Amino acid sequence: MTAPSDPIFTLPRGVRLKWDAVRACHVLLGPERALMLDDIGHAIMTELDGASRVSDIAARLAARFSAPVDVVQPDVADFLAGLHAKRLLEAR
Amino acid sequence: MMPNPPIAMLAELTHRCPLACAYCSNPLDLIAAKQELDTETWARVFAEAAALGVLQIHLSGGEPAARRDLERLMAAASGAGLYTNLITSGIGLTRARLEALVDAGMDHIQLSLQGTNAAVADRVGGYKGGFDRKMALAEAIADLGIPLTLNAVMHRQNLDDLPATIEMAVRLGARRIEVACVQFQGWALKNRSALQPTRAQVTCAKEIVADATERLSGVLAVDFVPPDYYADYPKACMGGWGSTGLNVAPDGRVLPCHAAEIIPGLTFPNVRETGLAAIWNDSAAFNAFRGTDWLPDACKSCARVTRDFGGCRCQAMALAGDPFAMDPVCRHSPHRAKVDALLAAEGRNEWEYRMMPARKV
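Top to bottom, those sequences are chains W and S. The numbering of the first sequence is my numbering, which starts it at 86 and goes up by one. The numbering of the second sequence is my numbering, which starts it at 338 and goes up by one.
It is possible that some hints are incorrect.
[Claimed, not checked] Here are the simulated DSS-like cross-link-like pairs (lysine-lysine), alpha carbons at most 30 angstroms apart as the crow flies:
hint: 1; chain 1: S; residue 1: K543; chain 2: S; residue 2: K572
hint: 2; chain 1: S; residue 1: K527; chain 2: S; residue 2: K572
hint: 3; chain 1: W; residue 1: K171; chain 2: S; residue 2: K572
hint: 4; chain 1: W; residue 1: K171; chain 2: S; residue 2: K543
hint: 5; chain 1: S; residue 1: K527; chain 2: S; residue 2: K543
hint: 6; chain 1: S; residue 1: K637; chain 2: S; residue 2: K675
Don't read these hints as lab results, they were simulated from the structure. Bear in mind that the values here come from a model prediction, so they are computed numbers and not experimental data.
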């Protein structure tokens, strides 16, 4: 099942964000996985609201960080598609 | 220098288990029920683990469902802020217990699979009716929407069923499958010659895994634990000794890996007497093989040293008789010929079931 071209990604049950006070960083926790997120990864993950498409998220982040959307969007898409391939996100 | 904090903890709640799997990797000497940590002590250890930096806890065994307080232990682990994973054969669980575990905060289940049909699975597990009960439980897991990993333990006598195994994971709604080729530790070492896959099986399995990984991307994540005797280079056991994970045995002893008891000269501290942070940071057992300074020169000068850390210490002990040796699986090991000789010699189909002491007559 390949994700649609501009999907809505959502966090499934059993995958969640957590602030790791010991390491002072945000982590994404899922089955047998713990991914340390940098600021950009965390910014992307917190944009997942169950309704936004990748293009919507990229547009908001581009505005927030004053960066060109055509640079931001491929990075956001790659990051989220990678998590989807690991089954840490649902796509529709 | 202080080590980095651990990410994962394996809590071996009990060694009791209704199955008698020939491939069991628990030690030859099992801990008796009366020596097990009680509920309150486990709860304290979970809180200490979270404070130390552990993010994920695996509640395992033996069969963790053999603990009548499993639901309370789950609540304690979840309440400590840990991501909770239940590693189970499914035997001893019911839909009602699953619901209670979900209420207690269970995040994920890892269900073991001994075979894709009752004939194979019940023979491997030595438990008649086990397969049917497992399948009924898998349906309840799917119905309750609990995130599921299927842990398919593979060896010579079921590796040919790998395609059916992967299809079963999809059918059961699993998000992830671990194609876990038997690691020869503990009891499994006794049955190595009946369990070691053939080279042809391994080659075929790798192709099937590569195909499934691509074909099922976004449906099923496929993780492959290869049979490392056939590998050219060793696995980075535990991601490096004392670097990412720790094991608490049913009696409270803390081990850097669950087979570490076979290494002579190590004393494992117990959570009944020592705090988990002190054990992780300061104990001789956890510092014994940390980093790379203790390794043979051939490892220290190898480009792979920061990838595999010289491989598995328990395997070096089991095959080379020296826990400080290069893992004998490595192509550069002076003991590699022993591994090749084992692969050439093994090939019987009988095995010895893992019996609980109480079941011996």
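Exercise for the section: List, from low to high, the hint numbers that the structure doesn't satisfy. Expected result: Every hint satisfied by this model.
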